[in-house]
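When you get a sec, could you build the whole thing from the sequences and use the hints?
Each step along the sequence shown adds one to the number in the UniProt record's numbering, with nothing skipped, and position 16 is 16.
If you are wondering where the hints come from, they were derived from the structure by calculation, not from laboratory data. Careful, some of the hints might be misleading.
Below, in silico cross-link-like pairs of lysine-lysine (DSSO-like), each with a Cα-Cα straight-line distance of 30 Å or less [stated by the list, open to error]:
#	residue 1	residue 2
1	9	22
2	23	36
3	36	54
4	36	53
5	36	17
6	23	9
7	46	36
8	22	36
If you anchor each label on the Cβ, the simulated ranges turn out as follows [said to hold, decoys possible]:
#	residue 1	residue 2	range
9	52	11	56 to 66 Å
10	25	45	19 to 29 Å
11	14	53	52 to 62 Å
12	50	9	46 to 56 Å
If you're wondering where the values come from, they're calculated on a predicted model, not measured in any experiment. We treat Cβ as the ideally placed atom computed from N, Cα and C, and that holds for glycine.
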Amino acid sequence: MARGNQRDKAREANLKKQAAMKKGNNMSGTEMQRAKESAAEIMRQKQATAEAKKAEAAAAGNKK
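Printed below as a string of structure tokens:
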């Protein structure tokens, strides 16, 4: 009967291992690179917008 317990423990360990693998990154190298570039472009646009607002606020402040 000891063998049955060993099988159950092995199944539990395998399920944990598979769950951990699913949590990980599923993208290939090119997909990951594309995602990084997309995120970087979005952040550049946000930063440009913020800088434009700052410049506009500074220009409005200097006029007063």
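Against the structure, the hints come out as follows:
Distance check on the hinted pair: residue 9 and residue 22 sit about 20 Å apart at the alpha-carbon level, within 30 Å; holds. Only pairs whose Cα atoms come within 30 Å are accepted, and residue 23 paired with residue 36 is accepted, the gap being roughly 19 Å. The suggested pairing of residue 36 with residue 54 holds, with an alpha-carbon distance near 27 Å, which does not exceed 30 Å. The straight-line distance between the Cα atoms of residue 36 and residue 53 is roughly 26 Å, inside the 30 Å bound, and the hint therefore holds.
Distance hint between residue 36 and residue 17 is fulfilled; the C-alpha atoms sit about 27 Å from each other, no more than 30 Å. Between residue 23 and residue 9 the alpha-carbon distance is near 21 Å, which keeps this suggested pair within the 30 Å criterion. For a cut-off of 30 Å, the pair hint linking residue 46 to residue 36 stands: about 15 Å separates their Cα positions. At most 30 Å may separate the alpha-carbon atoms for a hinted pair to count; residue 22 and residue 36 meet this at roughly 20 Å.
A hinted range of 56 to 66 Å holds for the C-beta pair residue 52 and residue 11, which are about 58 Å apart. For the pair residue 25 and residue 45, the beta carbons lie near 25 Å from each other, so the given range of 19 to 29 Å is met. Distance hint check for residue 14 and residue 53: the Cβ-Cβ separation is about 54 Å, which falls inside the suggested range of 52 to 62 Å. At about 55 Å, the CB distance of residue 50 to residue 9 agrees with the hint of 46 to 56 Å.
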